[in-house]
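Visitor: Here are the chains, one letter per residue:
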Amino acid sequence: MTPPPSTDPPVPGMSPAPGTSPVPGSPLAGVPDGHGPVSSSPPQGRKPEAGGRSRVGGPVRGRWLRGGGSPDPGPSRAGRFGWVRRLGASGVGGVVIVAGMVVLAVVGPLVWGEAAGRIDAAAILQGASPEHPLGTDNLGRDLLARVLVAGRYSLLLALAATLVGAVAGVVLGTLPSVLPRRAARLVTATVNALVAFPGLLLAMFTAVVTGLGARGAVLGIGAAIAPGFARLTQTLAARVAGADYVAAARMLGVPRRRILTRHVLPNIAEPLILNLAQAFGGALLGLAGMSFLGLGVQPPQYDWGRLLFDGFPRIYVTPEVALGPAAAIALAGIGFNLLGDALARAAARTSATGAPAPAPAAAPPGEPDPGAVLEVRDLTVAFPGGLTPVREVSLSVAPGEIVGLVGESGSGKSLTAAAIGGLVPYPGTVTYGALRLGGRDVATLSDRELGTALAMVFQDPLAALNPALKVGGQLAEVAVVHEGASRAEARRRAVDRLGHVHLPEPERLAGRHPHELSGGMRQRAVIAMGLMGTPRLIVADEPTTALDVTVQRQILRLLREVVDETGAATLFISHDIAVVGELCDRVVVMYAGRVVEELPAGRLAGGAAHPYTKALIASLPDLDTDRERPLAGIPGAQPGPADVGPGCAFAPRCALATARCESDRPELAARGAGQRVACWEA
Amino acid sequence: MIIRNLSVRYGRFTAVDDVTLEIPDGRIVGLVGESGSGKSSLARAVCGLVPHTGTVEGARRTQMVFQDPYASLNPRMTVARTIAEGAGPGEVERLLGLVRLPAELAGRYPRELSGGQRQRVAIARALGGDPGLLVADEITSALDVSVQAAVLNLIRGLRDELGLTMLFISHNLAVVRYVADVVAVMHRGRLVEAGPAEQVVGEPAHEYTRALLAAVPRLRG
Numbered sequence: 000m001t002p003p004p005s006t007d008p009p010v011p012g013m014s015p016a017p018g019t020s021p022v023p024g025s026p027l028a029g030v031p032d033g034h035g036p037v038s039s040s041p042p043q044g045r046k047p048e049a050g051g052r053s054r055v056g057g058p059v060r061g062r063w064l065r066g067g068g069s070p071d072p073g074p075s076r077a078g079r080f081g082w083v084r085r086l087g088a089s090g091v092g093g094v095v096i097v098a099g100m101v102v103l104a105v106v107g108p109l110v111w112g113e114a115a116g117r118i119d120a121a122a123i124l125q126g127a128s129p130e131h132p133l134g135t136d137n138l139g140r141d142l143l144a145r146v147l148v149a150g151r152y153s154l155l156l157a158l159a160a161t162l163v164g165a166v167a168g169v170v171l172g173t174l175p176s177v178l179p180r181r182a183a184r185l186v187t188a189t190v191n192a193l194v195a196f197p198g199l200l201l202a203m204f205t206a207v208v209t210g211l212g213a214r215g216a217v218l219g220i221g222a223a224i225a226p227g228f229a230r231l232t233q234t235l236a237a238r239v240a241g242a243d244y245v246a247a248a249r250m251l252g253v254p255r256r257r258i259l260t261r262h263v264l265p266n267i268a269e270p271l272i273l274n275l276a277q278a279f280g281g282a283l284l285g286l287a288g289m290s291f292l293g294l295g296v297q298p299p300q301y302d303w304g305r306l307l308f309d310g311f312p313r314i315y316v317t318p319e320v321a322l323g324p325a326a327a328i329a330l331a332g333i334g335f336n337l338l339g340d341a342l343a344r345a346a347a348r349t350s351a352t353g354a355p356a357p358a359p360a361a362a363p364p365g366e367p368d369p370g371a372v373l374e375v376r377d378l379t380v381a382f383p384g385g386l387t388p389v390r391e392v393s394l395s396v397a398p399g400e401i402v403g404l405v406g407e408s409g410s411g412k413s414l415t416a417a418a419i420g421g422l423v424p425y426p427g428t429v430t431y432g433a434l435r436l437g438g439r440d441v442a443t444l445s446d447r448e449l450g451t452a453l454a455m456v457f458q459d460p461l462a463a464l465n466p467a468l469k470v471g472g473q474l475a476e477v478a479v480v481h482e483g484a485s486r487a488e489a490r491r492r493a494v495d496r497l498g499h500v501h502l503p504e505p506e507r508l509a510g511r512h513p514h515e516l517s518g519g520m521r522q523r524a525v526i527a528m529g530l531m532g533t534p535r536l537i538v539a540d541e542p543t544t545a546l547d548v549t550v551q552r553q554i555l556r557l558l559r560e561v562v563d564e565t566g567a568a569t570l571f572i573s574h575d576i577a578v579v580g581e582l583c584d585r586v587v588v589m590y591a592g593r594v595v596e597e598l599p600a601g602r603l604a605g606g607a608a609h610p611y612t613k614a615l616i617a618s619l620p621d622l623d624t625d626r627e628r629p630l631a632g633i634p635g636a637q638p639g640p641a642d643v644g645p646g647c648a649f650a651p652r653c654a655l656a657t658a659r660c661e662s663d664r665p666e667l668a669a670r671g672a673g674q675r676v677a678c679w680e681a
Numbered sequence: 000m001i002i003r004n005l006s007v008r009y010g011r012f013t014a015v016d017d018v019t020l021e022i023p024d025g026r027i028v029g030l031v032g033e034s035g036s037g038k039s040s041l042a043r044a045v046c047g048l049v050p051h052t053g054t055v056e057g058a059r060r061t062q063m064v065f066q067d068p069y070a071s072l073n074p075r076m077t078v079a080r081t082i083a084e085g086a087g088p089g090e091v092e093r094l095l096g097l098v099r100l101p102a103e104l105a106g107r108y109p110r111e112l113s114g115g116q117r118q119r120v121a122i123a124r125a126l127g128g129d130p131g132l133l134v135a136d137e138i139t140s141a142l143d144v145s146v147q148a149a150v151l152n153l154i155r156g157l158r159d160e161l162g163l164t165m166l167f168i169s170h171n172l173a174v175v176r177y178v179a180d181v182v183a184v185m186h187r188g189r190l191v192e193a194g195p196a197e198q199v200v201g202e203p204a205h206e207y208t209r210a211l212l213a214a215v216p217r218l219r220g
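Protein chains in written order, with numbering that gives the first Met the number 0: chain U, 0 to 681; chain X, 0 to 220.
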C-alpha cells in the first residue's frame, strides 16, 4: 500500500513533472514536504537574493530556502513582457531566429528565385565581390541568392523528416500498450536495440536502401529520429498507464485503443511536442550532413547541405562559398534547439503572477517572553497577488511543552511552521512583530546556532533523508557540520542517538540506506537526526500522517519521551484533532490563516468554544460515534487566501453567525485560564 | 458475493495469503489493517488489476474508487466525459445528483475541483459502471476531516438508496466501524478476524485487532 499523501493539496508549481501542464493559481496552500533538515536547493532553481528589499524582519537563513526574499524584479512588466521573461534571453533568440527562418522559407524563392537560377557564363566560380557577396558557382549563379532560396527546401525536408521520425516513433512507442504481451516485448526489444544503434549509421543505411536523393535522406533521418521518440513515448506512456484513472477506465470496460487515445496520448502529448522542436533542429543538421556526404539532395535541386557540398572543394581558395551555407545551417540548428529548450523550460515551470504582496507594517516586537522558547507574534506570510495564507499568527511554546497546531488544508498551519523554520518557498514574503527562538530574533541567529537549536520533522521521512547515503553517515554529518565534531566522534554519537529512538541494532542500522527501513523506522531516524544537536525547539509537520495507527502511536510516544527528556519546546502540526488532543499540552486551532482558538488539550472534548473547533471535533468519527446518525460535517468550504473578507472567515459556514460576524472580525479574547477564542457569538 | 482462497504473490513475496471473505449483498464490508497487510492487494485482485490465485464468485462488474483524488481523474477530461466513460452521456446528470454534486460541475476539469469534489466524481464514475461490487480503497485518507465526514455520509446514503454492495478499505478503525456492517481485519496478508462491526470493535477476538483498537487516537476528557 502506498502511504497516504499529504492532506494538503499539492503545491502548484513546486515540482511539476516534465509534461504536466502548468497549473494556474496560487503558489501556496501548503509547503513541500520534501524540504528535509539538510535540504538546500530552492524549488525552482532561483535563489532569492541575499539582500531582500522588501523583507521586514524576515528570517535570514543562508542554509535554507529563505522566506521573504525580494520579489521578482519588475513584476509590473510581467503583463506586457511576461513571455519574454518566461522564455529567457536564449528563448527569445530562438523565437527570433525561427521566425526569420519561416519568413525566409515563405518569401525566399519568390524574391531571389530568379537571381538564384540565372546562369552567368562571365562570372563562373568567383569569390566574394560587391555583386556576389558569397561568390558564384560553376555556372556563375549567385550563391547568396541560392542560400536564401535553399532555405525553403531545407526546412521542408527537415519538417518531413521530423514528422516521419515522430510518427514512426510514437507508433512504435505506443504499440506495446495495445499489443498482446509477447508482441509488445518484441517491439520494446526492437526499440531498445535501435536506440543503441548509432543514428548516423541508421540514417545512411536507410538512405542507401531507399535510394539516393531527397526521399532517401528524409526517410534516413526519420529512421534515425524514430527510436529516440519511441523510447520517450514508451517511458511516458508507461508512467501514465500506471495511473489510477487508467485502471478505472479498464474496469469500466473501455477498450485498449480508446484508453490509448483518450487517456494516454493526451497526457503525454506535451513533452512529445516539446521534443519535436529539438528534433527538428537535429533533422535539419542531419539532412545537411546527408547532402554534404552526397547521400541527400541531388542536382539540379539544392538545399543548404548540397550548397555546402558543392562549395567545400573550394574552401581553401574562396572560403566564403562554403561558409555561407554552413552559417545558414548552424543558425537554423541553433535557433530550433534554443526554441525547443526554452519551450521545455517554460513548460516545466509555472510563473508567479500578479503584483508582489505589499509588506504590511511590522508590529512592534515588544519585550521577549522569558518563559517561552518559541515566541511568535503577528506572523504573516504573503504571496504575490494579494494572497495572504497566514495572517498575524501569534503563539508561544514553553520548554518541555508540546503545542498542537491544528486546522484543515489551506488553514496556513504548514506555512506557519515553514515560516518559523525559514522555509517559506519563493516568492513568499514573511513579516512578523516578533519571531524569537530562546529569546533571540531568529534573523540574528547564525546558521550553526539555528541548525543545532531547531529540529524539523516532516510528513515524508524519505524526503528528509538522502537516499544515496547511509543513515548513520547522514546523522553524523549534522555533528560534523554544526559542531565541528570529528568523524569518529560524530559516528559514535549517531549510533547512540539511533539507539535512543528505540531503533533495534543501531550499529547495524547506521550502515543501512533509507530505503531499507520501514516508514516508522525512517521517521525515528529523522527524529534521531534532530537529536544530534541539542534542540531547543522541535517543529513536527504532520510527522505521523503517512504512518499506520499502530506506528503512529509509537512515534507519538517517542516524541513525548524526547520532549520530556530534552525539555525541548515542540510545535506539532496536524490535521487530526484527535492525535493533537492525545499528544499535546495546548492546542492552537487555525482557520483561513488565523488563529481562531487556543486552549488546553484536555478541554478539547468538553470545553472547546469556537464553532469551528467544535465542528472539527464533531466531524471526526471515533469508536463511540452513533452509527445510526449521519456525521456532522461542516457545510461549504474554507475560503482561499484571496477570498477572506473583512468579517469572521468562518461566518459563511457557521450556524451562529450574525450580521456582525459578516462585517467585523472578532479578535482573540481570553476566556478562562489558558483559553482564547476569536468569536462574537460563542 | 464471496472471495475464496484468494492469494496474491509478487515474486516470492506473498501479499495476500489464502483469504476467504464473504461480502453480503447490499452490505458494506470494512477491511482494516496497516500498510503492507495486503488489504490494497486484495482490493486490486478483486478488481482484476493484479494477477492472483483463488476465485471471486458472484462479483459482476466490480468498480473501484482510489485513494488519491488528485491522481485518479484524467486531468485532460472534463467531469462529464469522465463520468460518461462508463455510463454514457445521458447519465451524467443523474450520477452527479447521486453523489450530491451540482450539474454545473459537468463542464469542469479536475484541477478546478476540491479534493472532496474529485472524490465524489470518482464515485460517480464508478457508479456509472453499474457495479455489483464497489471497492473503496482508503478513499477518505487524503481528505480533510470535515470533507471525510461528508463522503462517509454519502457512502452510507448510497448503500441505503441503491442497495450498494461495498468493500471499504481503511487503516482507520473508527472510520471503518462507522460505515461498515461487517469488519474484517488483515494482518501480514492473512485475515485474522471478521464479524459484525460492533462485535469486532466491542469484543475483539484477535490480539492484533486489540492492538489496532488501542492505537486509535481519542480525545481525553
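Please keep in mind that the hints were generated in silico from the structure rather than gathered at the bench. Be aware that a few hints might be false.
[As the list claims (entries may be wrong)] A short, non-exhaustive set of chain X residues, derived as facing chain U with CB atoms under 10 Å:
1. Gly47
2. Ala86
3. Ser145
4. Val150
5. Glu160
[Said to hold, decoys possible] Label-pair restraints from in silico Cβ distances:
6. U:Thr443 to X:Thr13: 55 to 65 Å
7. X:Ala210 to U:Arg511: 25 to 35 Å
8. U:Ala654 to X:Gly57: 53 to 63 Å
9. U:Val479 to X:Gly106: 34 to 44 Å
10. X:Pro101 to U:Asp623: 27 to 37 Å
11. X:Gly162 to U:Pro254: 41 to 51 Å
12. X:Gly89 to U:Ala604: 42 to 52 Å
13. X:Gly87 to U:Val110: 56 to 66 Å
14. U:Arg559 to X:Gly162: 40 to 50 Å
15. X:Pro101 to U:Leu468: 50 to 60 Å
16. X:Ala210 to U:Asp642: 38 to 48 Å
No experiment lies behind these values; they were computed from the predicted model shown. Virtual Cβ for every residue (Gly too), placed ideally from N, Cα, C.
Visitor: Would you mind marking each hint as holding or not holding in the structure?
Guide: Each hint, compared with the structure:
For the restraint placing X:Gly47 at the interface with chain U, the shortest Cβ-Cβ distance is roughly 7 Å, inside the 10 Å limit, so the hint holds. The beta carbon of X:Ala86 comes within 9 Å of a beta carbon in chain U, closer than 10 Å, and the hint placing it at the interface holds. Because the beta carbon of X:Ser145 sits about 4 Å from the nearest beta carbon in chain U, less than 10 Å, this interface hint is met. The closest approach between the C-beta of X:Val150 and any C-beta of chain U is roughly 9 Å, which is under the 10 Å cut-off, so the hint is satisfied.
The interface hint given for X:Glu160 is broken, as the beta carbon of that residue sits about 13 Å from the closest beta carbon of chain U, more than 10 Å. Judged by the Cβ atoms, the range 55 to 65 Å given for U:Thr443 and X:Thr13 holds: they are separated by roughly 58 Å. With their beta carbons about 26 Å apart, X:Ala210 and U:Arg511 fall inside the hinted range of 25 to 35 Å. As the Cβ distance of U:Ala654 to X:Gly57 is approximately 46 Å, the hint placing it in 53 to 63 Å is violated.
Between U:Val479 and X:Gly106 the beta carbons are some 58 Å apart, a value that contradicts the proposed interval 34 to 44 Å. Taking the beta carbon of each, X:Pro101 and U:Asp623 are about 34 Å apart, inside 27 to 37 Å as hinted. Evaluation of the 41 to 51 Å hint for X:Gly162 and U:Pro254 yields a failure: the beta carbon distance comes to about 30 Å. The supplied range of 42 to 52 Å is met by X:Gly89 and U:Ala604, whose beta-carbon atoms lie about 49 Å from each other.
Separated by about 57 Å at the C-beta atoms, X:Gly87 and U:Val110 satisfy the suggested range of 56 to 66 Å. The given range of 40 to 50 Å is respected by U:Arg559 and X:Gly162, whose C-beta atoms sit roughly 47 Å from each other. Checked against the given bound of 50 to 60 Å, the beta carbons of X:Pro101 and U:Leu468, roughly 51 Å apart, stay inside it. Under the hint 38 to 48 Å, the C-beta atoms of X:Ala210 and U:Asp642, about 44 Å apart, fit the expected range.
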